[in-house]
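Keeping their order, the protein sequence lines are chains C, U and L.
Take the first sequence: its position 258, counted from the start at 1, is 258 in this note's numbering, and no numbers get skipped.
Take the second sequence: its position 43, counted from the start at 1, is 43 in this note's numbering, and no numbers get skipped.
Take the third sequence: its position 19, counted from the start at 1, is 19 in this note's numbering, and no numbers get skipped.
Errors might be hidden in some of the hints.
To be verified - Computed footprint of chain C on chain U, listed as stretches where at least three residues anywhere in the stretch have a Cβ under 8 angstroms from a Cβ of chain C:
#1 62–68
#2 91–101
#3 147–155
#4 158–167
#5 214–224
Quick caveat, the hints were computed from the structure, so don't treat them as lab data.
As the structure is a prediction and not an experimental result, all values here were calculated from the model.
Here a beta-carbon is modelled for each residue, glycine too, at the ideal position from N, C-alpha and C.
Read off the chains here:
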Amino acid sequence: MKKILKTEGANGLLLVSPTFIYAFLLLAVPIAAVVTFSFWTQNYLDLDTTFTLDNYRAAAQEPIYRVLLFRSLKISAIVTLATVILAFPIAYYISFFVPANRKALWIFLITVPFWTSYLLRIFLWKVILGYNGVLNSGLKGLGLIDEPLTFILYNMNAVVITLAHAWAPFAILPIYVVLEKIDRSLLEASYDLGESRLITFMRVTLPLALPGILAAAVIVFIPTIGDYVTPKLVGGPSGLMISNMIQLQFLKANNAPLGATLAILAMLAVVVTLALLWIFGKLLTWFNRNYFGILR
Amino acid sequence: MKSGRFLTLFVWIYLLFLYLPVILLPLFAFNTGKIIAFPLKGFGFQWFYELAKIEALHTAVWTSLKIAIITSVLATILGMFASRAATRFSFPGKGPIMGLIMVPLVLPEIIVAVSLIVVLIKVMGLGLSIWTIILGHVLICVPFSIAILNGAFRSLDKSLEEASVDLGETKWTTFRLITLPLVMPGIISSLLISFVISLDEFIIAFFLTGSEPTLSVYIWGMLRFPGRIPAVMALGTIMLIVSLLLLTASEYFRRRGLRRSGVQDVGGFI
Amino acid sequence: MKPIIDLINVDKSYGDLQALKGVSAQIMEGEFFSLLGPSGCGKTTLLRTIAGFEDLTDGVVLIDGKDMDGVPPNQRPANMVFQSYAIFPHLNVGENVAFGLRRKKMSILEKKEKVKEALKMVGLVGYENRSSHTLSGGQRQRVALARALILRPRVLLLDEPLSALDKKLREQMQTELRRLQRQVGITFILVTHDQEEALIMSDRIAVMFDGEIAQLDSPQELYSRPKTKEVANFIGIMNFLPAIASDAKDGLIKVKIPGLGDALIGEDQAPSGSIGTQIGIRPEMLTILLSDDQKAEKEVVGTVVEVNYYGDMSYYSIALDGVTEPLSVSMRNTAGRKVLEPNDKTRVGWGTESLILLD
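Construct all of the structure, not just a fragment, from the sequences and the given hints.
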């Protein structure tokens, strides 16, 4: 018995246990509780613990929840697309154009805006995009427009712009890491074998960068679904998302079970979307291999 | 592929986009005008003076500091256990265990907040207080702590600890004399990052706040009043500078730790 | 000489993988002992078992007659020099060397004296206050040595200490280590995969393959009388020719080597007896007989296939009639000696003393 206790495995488990137990009690158990809650109902001040699917039925039937959920998915998808597409050139630039001794500095510079107060950054976009805001007053002052632009605030566009900004570093970093790992001699080999820069990019760089791009997409997509602050501040009525409703149920409406249900549904939607994304990724690889691949 | 110049132009525009909100903070904090719009009115410190007068703000700052300090210490300690286990040992279930611990990185904060409310309030009937916020913050800071400490532990040559034991020390004294000093920069870096994360965090604090609001929650309240906005700018500027200083210090320590062990560093702690 | 380390049937398994299979050996006090073998043969595992960093699955390790089961590394009378040297980067040279003295009861002055002494022994006088980062590879190694030797262990264990150094430095350190061992007088156990290194430094060598000791002997014995083909091939280069062996009178063995000739060899030249089927002969035991008046015990005529010139030596590849593989023959390039060309015909001399009959 003593010998088992001395093994590496036992030592490792013992060492990781405080942190694991903490995560288990405060993350796994609570999430399980949320799931459980979604099957209960709130009777004014009491909690009715009979198992029921009422919450899920309500969520499926009431149009508002459906609308919010799909809108959230739509916005998240657009934000993810915009963020990742914009992030790729930056990551590419740092990986391929910046000298090695400056790379860490550039990465640091990229992440600096991220470390300021999230709340303030969202608010600042509100200030920038507002009717009398920085952008409009600036453009007016420069004489470029007569009337302030109204399509940039209190709607979905504002949410997309704001979140594309907020998540930028999250998207840039995974792509950068993957690009760094690409062996430069692979590219040289491709040129040596006669391919142009563009084709090399499509046949060598892009396929190898794909895991990083997908990771970036996942990293941006998931938190976006659950974002609360941005829709509230800059989304206007048409820009509210599912988490605003979740918060409403928990705090004002005191309907925790419904809130829990919505949260579960939101997470399920994320999982389903991720599964679809994974399939998409496989398709992309297949496409790339067959149309740009070696045995064309 | 974009040609070099086109790409460079794009990069600079993107950087402008990234830093635009951040630049605005000091710009309008020192602007004497009451409205956040161009043209600028004048240069002045009035909004900073206004900040100094608000009692409730000071309390909120103090609350946030308390939370951030406790969070950073707890998160770093828990991070050390997990990181050392992960980098030195292989044990059954390592994948799922580390997965669970790191999952807050990709979980929307609202899920964390919601599940904590469910467990702490509805199930256990506890009231909301500073400690509920701390519990939530530690949860999201631990993954960052682990990410940093992983780098520190990995760059620590295993044979250094073996050599220490070989020369007569015990496991504990080896930890004290060899491991701790060499990992210290990583520890400091982890403390600083956790501190910054906790200080700036909003959603969990918002959901789990009791009678004592944190700084972020207080700012949220202030945002309703247009007259208070310039003061918020001033506050934001101060927070920006503090965060920057702490981050630079954190990065400095992280690099120093790697340099001490003679390791090459590319691209931060990711 | 009495044994200082006794290994009795040492087994070490990692799950299904057996790293050490019933290893038994005795290491004598005061000798320079090497564990030699290719990577993965278990030599480092064996060393770490002696040091106490690996537990035994079965068997016994005795140091000075005491069973080391359950004794942790910090309580064993053995100290180790690690392959990476393991110099503590946050301590300077003096602090590194003095590290093991922390728990010993002596005044700071005494410790300083000891450090000075240890550094002098390894040729790093005055380095006490140097930072670890400024040290070269060779210097780090010496600091690691000083750090271990200052504790006057009964045994010093060295895990491939020279593999990280460049060739010239390595050769220098080989002589240094040998000299140091003789000077200090304690038992050294060295792990290496470099057979030249083992031959130069050791009193005795244990050649290991696949978790077992294939042969434990002095360098001379290992080189001239290898017990298996594996050992013969690992140490130096050996020519192998198929042969037919049969017992002859007086305990001698008669061998017929097609293409080379016949010979009568002694028992000591045939570790497996007359069932051996291969004759081994070292390249330097074959001579190119350039002029007619040069003679050897036995002779055969061959054609030069290839010449490889190495500066001080030339290696000839010589084809013989009736032999599929050409023989490798080495000759020192002494002044005036003619170097042959491909397709030259030449007489090759050999002696029965230098034959080895193996399985």
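#### Entry: Within 8 angstroms of chain C (C-beta), three or more residues of the region 62–68 of chain U
violated (count 0)
### Claimed coverage, the region 147–155 of chain U by chain C - three or more beta carbons nearer than 8 angstroms
With 0 residues close enough to chain C, the hint is violated.
### Query
Holds or violated: the region 158–167 of chain U covered by chain C, criterion of 3 or more residues with Cβ-Cβ distance under 8 angstroms?
violated (count 0)
### Message
Between the region 91–101 of chain U and chain C, are there enough contacts, at least three residues with CB-CB distance under 8 angstroms, for the coverage claim to hold?
### Response
Check passed, 8 qualifying residues.
### Message
Please check whether the region 214–224 of chain U has three or more residues whose CB lies within less than 8 angstroms of a CB on chain C.
### Response
holds (count 4)
Violated hints for the displayed structure, listed by number in ascending order: 1, 3 and 4.
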